[in-house]
Amino acid sequence: MKRRLALLLILCGGLRAANISGYIVDEKTGEAIIGVNVLIANTGLGAATDLRGFFVVRQAPEGKQTLRLSHISYTEREIALEVTDKALFLGTLKMEARALPTEAVEVIGQRRTLIEKEMDIASFQVDPIVLLEAPQLRDDVFQLLKFSPSVSISDPLSPQLHVRGGDPGENLVQLNGMTIYNPQHFFSGQAIFNPYSIKDIEMLVGGFDAEYGGRNSSILNITTREGHQSEVHGEFWPSTSGINGAIEFPVKKKATAMLSGRIISDLTYRVLMNSPNIMGDFVGSYLQKIGRTQLRLTTFYARDYLDYSIDNLILYFPSDIYENFQEGFITDTDNRAIGIQTHTLFRTNVLLETHIYHSGSRAANDSYVNFIFPDTVSNLDRVIKYRTSIRNSVQDYTAKANLSLFTFWNQTWKVGWEQSRLTFYNKIGGQADTSSRRISADLQAAYLQDKIEIGPLSLKFGIRSSRLMATETWRLEPRAALALRLGITTLKAAWGRYYQYLTTLDSRNREFIQFLDYYYNLENHKPVESTHYILGVEGFFTDKLEYSVTAYYKDLTRLYRLEYDAAKQSLELSDILEAGRGEAYGIEWLLRGEHERLSGWISYTYSHGTRSYPSLQNGKPYFYEADQPHNLKMLLMYKLTDAITASTTLQFSSGYPRTWETGRYNQYFYDPLENSVGGFPRDITPVKNNVRFPSRIVWDVGWKKKLRDGFGYHLMEYLGLEEAYMTVTIRNLLFLRRNPYYYFYFPDFGYYAFGTEYFPSISFGYTLRF
Amino acid sequence: MQINKPKILMFFIIISAIGLDWQSCDTPWQPGPAPSTIIETEFVPGLNILGVVRLEDTTASSFVYVERAYAADEYDTWSDTLPIIKDARVRISGSGDTTSYIFRYYDNLSDHKYINVDFRPVAGESYHLTITAPGLPELTASASVPHLPEIDTNSVQVSADEVSFRLRTTADAYLYDVYLFCENGQLVERFTNNQISIKEMKFKFGSSLGNPLAIQIFSYDENMASVADATSSIIPQSFLETISTVEGGYGCFGAVSVLTYILP
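Those protein sequences? They're chains V and B, same order as listed.
So the first sequence is residues 1 to 770, counted in this note's numbering.
So the second sequence is residues 1001 to 1264, counted in this note's numbering.
Check the hints yourself; a few may be wrong.
[To be verified] Pairs of lysine-lysine, BS3-like flavour, derived with a Cα cap of 27 Å: (1) Lys544(V) / Lys146(V); (2) Lys705(V) / Lys1007(B); (3) Lys1202(B) / Lys427(V); (4) Lys427(V) / Lys1007(B); (5) Lys544(V) / Lys706(V).
Don't read these hints as lab results, they were simulated from the structure.
Whenever a hint applies, use it, and build me the whole structure from the sequences.
The structure is reproduced here in structure tokens:
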């Protein structure tokens, strides 16, 4: 007992180390500044601010010291301090923004944000300014993430991303720390996050801290802007189909707010095709500072609705065509979240973060194709009756708390707890509806992590424990990482085990484009499990040009297969879930930075991934849907003048695997009233993913110009606003270079490759800022 | 005149890039780039059938329709005649019956179906199908005839715009189609089933359909239900598990029971 007491006293003694902490904000806007270098002059000691502008400089020497604050976009500032053996909290420090000379769009931030950059081995961080400077990204976070070396796709029209050989359902997306289910619009495939509202984008692609769990492939953290402390500012982008904008403003002395929204309705579709459609998303963020506590309220809502029916086109075709032909689909989805976060600094050594939120997603999708094509020769009518109907929702109520202790020997202890109540509703229909299934489950997790810095060596050990139901045993998820700095080069390694307690329905072969994940919880089943092994090296060629080489191996120890046809037969998971396994490995090269007016990144990835399930090909491994061994990606921006940025994006990748049919047979449709038979050809596909489609090449360019004359400029002046921009995007510059999407067989001709990213196009945009 | 070498070089690069770009075009009248093969896979030939054992008071309503599967590039599905097999030997035998029934093909008489006018199925009985055809593997299959459901006649209620009744389903029927016939048309409801249960049925109809006349209920066995509720294939190059309830070929051999109730 005495020993334990002594140990506790030593630990508490550590809490009295002379740490210096504080927050750094923009003098004018009051917004937290990420990535400010905070250094104690002539000591080599320092830190960088995180997402909230918070920093802790560890073990500052006693005496008179000078604290130097530096950031590329702000005027450097020095602060004289008298450091004693007591911890020092500096409160909120302000920095003044400075006008930058014409130079490249910044892509390397000297930043330490949600994750600790010096330790993190597998992340992709991008300043959201790239979204606004490169119009070919269509203001879409997912389009941007497709340029990450860790991401591959199985369908160019789908927003679903595969990260390092994982499945889309293994990606966690968080908005200000709240889990967002199905974070994409059905109608456009875009992410439901308005780029004007985003302050930071960060994706962890492996080797996560013990703090993160519940998804095995990636963690995408989207952080919204906080608001302006003294003035009203914003920007909006009007177009013929809708409006997109954001506004920031002060609420009172120590509170700010930001509101953003997009509402888009395709008028062509609505008028010419008589199909009601709407797509929208809204974010509200309120930040209040109370002493050493920051309180943040975030609300989010997104909605998609589309009702299409061939009947609406009756004006354009002879009416008799509809006698034997019906086709249509209705999709109705929404997403909502609301949460309160607190961030409280007790003394300078103890940081408490709490978060309570609700997040929900609901999807209702129906599609049908029915037709009868009379055959008077063979007397077997061609008949198809195609109907899919999916109802899926997930409701998530979560409370979590994290406590960080900055203790002796430059250690940072983190301990956290998380509790979620998840409610799932599922209903799958084919020609006949099945019964529905509603089930609730409690997900609990706790973690402990220690980070130690010993000279150039940083070590991180963590353990996470989680379980789905109160009746199930706790499962341990150990994690470890190290970083060794050797001059300007850093060697990194990470290892970790991960569990995921929900799975998703694969509707890829039933929906032409799989836009959504349909979630199922894994009650009474072992969770999805994987182990990551990562090794990397990174460094700088110059101050602004960094490189990284990362190799990974993922043992996908347990995966589940849940396909639409099976789910249609039964909603009992024990009947329809099939357990399998897989593996993924690869090596990624990334060169990123700035040189004079040029900035951006080039990456090359070599990777492979497989799956195996007992019922498919006797358990033999096959390539998973997004297996693209070679992937070359480039996103470059060139600042021609202060007012003009030209950009180009290029993707050159191996084709994805697909299943080639060897034969066909008629799938029969029986009419009980007539006691007659109809049929429709169905492909015979004995081997899954047995061919590889041709390589995919996509090259787009963009242009963004700050207007100084002309109608757009004068409109901005007339409205009393500050700035106006015009964007131009040219897509598919490799004119008629086909990227096949499907092959159709024509007699006397053979297979014809049908492409989607095919014809070049040009589009314009206009943005107003105030 | 002084030659501007950088401008000439830039001009040359741009022209070359445009030329290369054009050379890389896949013009629409060309088939386009072909996929590469990872695993060579052979087509496995076989018969493709729909056999229906139909329980009702009508002669020769049970039938077997026989085709064969074909290679993907064998012929045009839409314009060529179907690969109907007319010279197969089709035999059905019951588990409680030593008699085998030979089903025959009658050209231009039975919509390419094989029929036997003497075949009378019995509810609850299992039937075994064997088909042989020249050059193709033998096909075998089994099916059980579902028992008829029961309509609670005391529960039948008919009004000007609604018909309702209670239906007692059976455990051996996996799918039901319930039709309400009216003077000018019909309504249908389809539902899956896997147990004995009482199901409340309700049809609402408009005046344009006229007076309700009869209810007809089709009960499908497990084989017919799995095919009837299967999603069709309309997405190319996607992996599809073969829908089949037969051995040695493709297709379905199943049973359906028919119950007709005339409304009072």
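Checked hints:
1. Lys544(V) / Lys146(V): At roughly 23 Å apart (the allowed maximum being 27 Å), Lys146(V) and Lys544(V) satisfy the hint.
2. Lys705(V) / Lys1007(B): Judged against 27 Å, a Cα distance of about 25 Å means the pair holds.
3. Lys1202(B) / Lys427(V): 22 Å, holds
4. Lys427(V) / Lys1007(B): 65 Å, violated
5. Lys544(V) / Lys706(V): Holds - the C-alpha atoms of Lys706(V) and Lys544(V) are around 26 Å apart, at most 27 Å.
In terms of the numbered hints stated before, the structure departs from hint 4 and from no other.
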